[in-house]
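J.: Start from the sequences, fold in the hints, and give me the full structure.
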Amino acid sequence: MTGAGREAIVLPLTFLTVLLLGSVRVAETTVLAPPSVFALVLGLLFIRIVVQSGTLAPQRLLASSRSTLANANGLAALIGLWLAAAQVIAVLIPDSGLPRIVCGLLLLILLANTAAADPDRTRLLRSLTVTFGALFLLKFVVLAQLSAPGGGRLNRILQTLLEGMTLGTLLQPSQHAVTGYLALATIVLFLVALVLLPMRSVQTTGGALVRNDRESRE
Amino acid sequence: MLSADGRNGAARRELNTRLGGLTVTIAYAVLIAWLFSHQPQTVAQITGGLAATIGGYRIDEQAFTDGLRFFRNDQFVEARLALGRADPALRDARTQFYVAYSYYRQGWGRLYHDDSLYAEGLKAVDRAVALTPDGRLSIDDGDLRIHTADELRAELEAGRRHDGSDLNPMRIFRERK
Numbered sequence: 000m001t002g003a004g005r006e007a008i009v010l011p012l013t014f015l016t017v018l019l020l021g022s023v024r025v026a027e028t029t030v031l032a033p034p035s036v037f038a039l040v041l042g043l044l045f046i047r048i049v050v051q052s053g054t055l056a057p058q059r060l061l062a063s064s065r066s067t068l069a070n071a072n073g074l075a076a077l078i079g080l081w082l083a084a085a086q087v088i089a090v091l092i093p094d095s096g097l098p099r100i101v102c103g104l105l106l107l108i109l110l111a112n113t114a115a116a117d118p119d120r121t122r123l124l125r126s127l128t129v130t131f132g133a134l135f136l137l138k139f140v141v142l143a144q145l146s147a148p149g150g151g152r153l154n155r156i157l158q159t160l161l162e163g164m165t166l167g168t169l170l171q172p173s174q175h176a177v178t179g180y181l182a183l184a185t186i187v188l189f190l191v192a193l194v195l196l197p198m199r200s201v202q203t204t205g206g207a208l209v210r211n212d213r214e215s216r217e
Numbered sequence: 000m001l002s003a004d005g006r007n008g009a010a011r012r013e014l015n016t017r018l019g020g021l022t023v024t025i026a027y028a029v030l031i032a033w034l035f036s037h038q039p040q041t042v043a044q045i046t047g048g049l050a051a052t053i054g055g056y057r058i059d060e061q062a063f064t065d066g067l068r069f070f071r072n073d074q075f076v077e078a079r080l081a082l083g084r085a086d087p088a089l090r091d092a093r094t095q096f097y098v099a100y101s102y103y104r105q106g107w108g109r110l111y112h113d114d115s116l117y118a119e120g121l122k123a124v125d126r127a128v129a130l131t132p133d134g135r136l137s138i139d140d141g142d143l144r145i146h147t148a149d150e151l152r153a154e155l156e157a158g159r160r161h162d163g164s165d166l167n168p169m170r171i172f173r174e175r176k
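Protein chains in written order, with numbering that gives the first Met the number 0: chain U, 0 to 217; chain F, 0 to 176.
Think of the hints as simulated: they come from the structure by calculation, not from any bench. Accuracy of the hints is not assured; some may be wrong.
[To be verified] For lysine to any residue, the following SDA-like pairs were computed, each having C-alpha atoms within a straight-line distance of at most 25 Å:
| # | chain 1 | residue 1 | chain 2 | residue 2 |
| --- | --- | --- | --- | --- |
| 1 | F | K122 | F | F69 |
| 2 | F | K122 | U | M198 |
| 3 | F | K122 | U | T28 |
T.: What follows is the structure, encoded as structure tokens:
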């Protein structure tokens, strides 16, 4: 795939697919939920981190030296990245109650902390994989198991106790198992698309790889 | 070293790739926006809804005729099954009007009305109204005593309301429309 093909076809379509897949919530009825305003704001912060780390070189998508059509492709990829990032964040935040507030706040702190730490591309991708993986397990394994209807007597007793102790703010609305699989596919697809983003160029000096901007800053 | 023809060919290929990519991206984004706004529940609703946006959606006339026949025989469950087959994407205002009317007639009672059936009727009449460009829907059918979506909606809402008129003994003389 050429650079133009990746920029004009692969990236925008992958990000839009992430947006669509991540929106599917299968419960009693299937709902396609667009990202919330809070997720969209976190998505902007996410883009800042991706640019800061060199995972994305925005000048390789939008620049005055490029043609109008190429800039339109770049803009589509950038908007797609923003929407997809917001959707992935929305997927990872629990649907209601105390976990929703805590996880939203936690993600905000984690993203702000990542921005302050100023990681490079490799470290950022590793950090995102761990963060997304942990939040996925929390929402789709731990909270889903605690909130799952039915189950044995012990499970029901535990649910009642938890509901009583947390005033009903911990348990989540039950979802079909397919929602979890779709969420996992969404996150993996998004991480793959992040790897495909046009990154900031690196240059070799004396056998060591040095990022252009970091070299100039230091 | 590339020849001039080779460079032109590569530039044309890149132009085509970029133009094609942009077109497909815009079409995909429009599709996603449509899905978010319409919230289809089945594949039939997706395909029917997309066909309706370009004016290509047609109901199954045979199933619609069957539905009307059941409706006039007071076989409302059967009528709704047939009307559901006629309009699987829920995109035809006239069919949705008859679905709403079937809920009204089935839920109507001299002493009380069935709230859950009336609630389903309200959903169907709202769907029917949403499918008309100006919000006006009038059905020219001599067998019906309610001809517009507004009247049907008012009737369904009145049936779900609980007030002093529910205690009026004269209500047993009212007739189903």
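J.: Is the hinted pair K122(F) and F69(F) satisfied, with a Cα-Cα distance of at most 25 Å?
T.: holds, 21 Å
J.: Next pair to validate is K122(F) with T28(U); report whether the Cα-Cα distance is within 25 Å.
T.: holds, 15 Å
J.: Given the hinted pair K122(F) and M198(U), is their alpha-carbon gap at most 25 Å?
T.: violated, 51 Å
Of the numbered hints given earlier, the model fails hint 2 alone.
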